[in-house]
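Participant: Here are the chains, one letter per residue:
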Amino acid sequence: MRHIISLLMENEAGALSRVAGLFSARAYNIESLTVAPTEDATLSRMTIVTTGSEDVIEQITKQLNKLVDVIKVMDLTEGRHIERELMLLKVKAVGAGREEMKRTADIFRGRIIDVTDSTYTIELTGTGSKLDAFLEAIDPAFIIETVRTGASGIGRGERSLKV
Amino acid sequence: MTGVGQTDYPPGFTNDLIYCQFMEATGAEIVVRSLAEEGVEFVFGYPGGAVLNIYDEIFKQDKFKHVLVRHEQAAVHAADAYARATGRVGVALVTSGPGVTNAVTGIATAYMDSIPIVVVTGQVPTPAIGMDAFQEVDTVGITRPCVKHNFLVKDVKDLAATMKKAFIIAATGRPGPVVVDVPKDVTYHTTDFEYPATVEMRSYNPVVKGHSGQLKRAVQMLLEAKRPMIYTGGGVVLGNAAAQLVEVARLLGFPVTNTLMGLGGYPATDRQNLGMLGMHGTYEANMAMQHCDVLLAVGARFDDRVIGNPAHFAREQRRIIHVDIDPSSISKRVKVDVPIVGDVKNVLTEMLTLLKQAKDRPDAEALTAWWTQIELWRSKNCLKYNKQSPIIKPQYVVEKLWEVTKGEAYVTSDVGQHQMWAAQYYKFDQPRRWINSGGLGTMGVGLPYAMGVQLAFPDAQVACITGESSIQMNIQELSTCKQYRIPVKVLTLNNRYMGMVRQWQEFFYGSRYAESYMESLPDFVKLAEAYGHVGMKIEKPEDVEAAIREAFSPALKERMVFMDFQTDQTENVFPMVEGGKGLSEMILAEEL
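First to last, the sequence lines map onto chains A and B. Just so you know, the first sequence maps onto residues 0 to 162 in numbering that gives the first Met the number 0. Just so you know, the second sequence maps onto residues 0 to 591 in numbering that gives the first Met the number 0.
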């Protein structure tokens, strides 16, 4: 099953490699990983999307907690949560296809953030599956380039991860 | 005459006084004084370019002794053994680049067995990091997967706090090795120095106390058991909980088995002890593990060499209580019913209190029936071997060593058949006496392990049981033994084969002995003598006891003795659970 694991760790050199190294050393899956400092510059917030059986996810959570620099770990998918991913997409926009591309982007609440005679650059946010759906909705022949950030997530309501 | 810029001190104001507080110190001084503040007795190390400033400070001090090894791997092994035997943090010091890569085997060995050591490594100066400088290696990168934690200290201001953190992290929670990488420029930069009494780490708070609700459930389960079993590992030894374990086990009257790492956690000569379990465990221990209905696991991790095939293990119904300091050890290979995270000594003490308060007692009738079954298994006498052989049997050597040293020696081993025979035939009644590489299985640890133990306990009997293959992996340390007059006694069970490899090849590879034969062995007697030690070659069973007695006699108390026992070439270790098989599917000696 797919899980979104959020964690807070000391924002120190090598923090990312400790987490990435753990996943490769123990052969855990890693679908995406995002990391950035928080409002407190001494903290890094990381969101990891992974898949595995319940036993594997339990081990992943325990092993992450065991890292000396990790302060808190939360499996977002255990409760109500919001998931968002950003995608930047450069597409061919010529002839009849130009108008069609604009309409499809509108349907998906995408914004066109850069325009040339022959291209659009579209910004799209949503869950990973929404972004997948957009990619399926357009003709792959029009895609010049895609950039995805990987998922970020946050708990709904009062549910929060903080020190 | 006072030089320009120098301060003139009043008469009687010695340098020592200025040294003691709020003084400016170089990074090298900080490293050395931090070690002294931690009460370090020995630093095992090897100098090199990046650590020259640190060595210069070591030269000037007398708080701890530096032991010069002949290879960095041995420095870490010796520090590791010092920690295993004393329970204190072991310390090693190596230079950058090859100093570090040589040390990695030692660090990984300590990591797999959760041994608290601090390894200080030299690094190229900070401006040179990443420039492919001479003797540069990414130390924190290369050691990351085999340390509990590591640090690269880029600013001398962080050095003292980092040293403190290293010692705290190494020794607390589930212990383990910590590497502190110190670039050369940091060793000559200066800052105000005061060694912190402690350092807070918001991200590091190991759980100590067991959950009281879980403890109550555990006690209830133990008292309801019909066929109980206590299975303990290295955690009991590392957690100094042997006395508490003995109390709990005696109060309940339950059978106990120890893992390879847990030997000595419960007295081996006690009737309740069924011996070691696992791949080369006793018949009675493995059968009792497989057929118990309530299992209390303490400081053990159900690893592949211990319970064999987990699917086979799960075929029998049993309820499991698992006490461990590391949550990630619980329900990793085997699902447990009552997990208790906490310090084993703490948890066992609580458990004892609850057991004494409980109104229920163990089911005496069921327990008697269970013990009758166990005695039946025990009567197979699975460790018997041919004592009439005209060739020296390796088991006989270990038994004689046990007799001569009255079971009180510190015994280190290397890795292979001799390690298993040492574990099976030397009956350890006390914890911290059996020093071996259980997790990583590192050949070559035996001699440096013996050095670390002997230095910690100069008057103790220290024996290294090894094989002719393993001993050659760190044989250069005979030179260290000479320099520091370390009088360890090496017992080489020399069968001219990599015995364990040969055994597997015999069983599973049609006796095709690919590269497992040790040709061109040195004359170990001459070799020992060349290093200034005493060498003995023993070829007949009737000479075994006399040789061991002589080696441990007062006449040779101060001498390192190398005993080369010419043992049976084809002896195998039994019982044996083949890889992938279940615990109760043992091959016994008599069946072949």
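Keep in mind that a hint or two might mislead.
As the list claims (entries may be wrong) - In silico BS3-like cross-links for lysine-lysine, where the CA-CA straight-line distance does not exceed 30 Å:
no., chain 1, residue 1, chain 2, residue 2
1, B, K334, A, K71
2, B, K405, B, K536
3, B, K399, B, K355
4, B, K153, A, K65
5, B, K426, B, K358
6, B, K163, A, K161
7, B, K156, A, K161
8, B, K344, A, K65
9, B, K405, B, K426
These are computed hints drawn from the structure, not numbers from a lab.
Participant: None of the hints should be skipped; say for each whether it holds.
Facilitator: Evaluated hints:
no., hint, in the structure
1, B/K334 - A/K71, "25 Å, holds"
2, B/K405 - B/K536, "23 Å, holds"
3, B/K399 - B/K355, "41 Å, violated"
4, B/K153 - A/K65, "25 Å, holds"
5, B/K426 - B/K358, "36 Å, violated"
6, B/K163 - A/K161, "27 Å, holds"
7, B/K156 - A/K161, "29 Å, holds"
8, B/K344 - A/K65, "21 Å, holds"
9, B/K405 - B/K426, "10 Å, holds"
Checked against the numbered hints above, the structure violates hints 3, 5; every other hint is satisfied.
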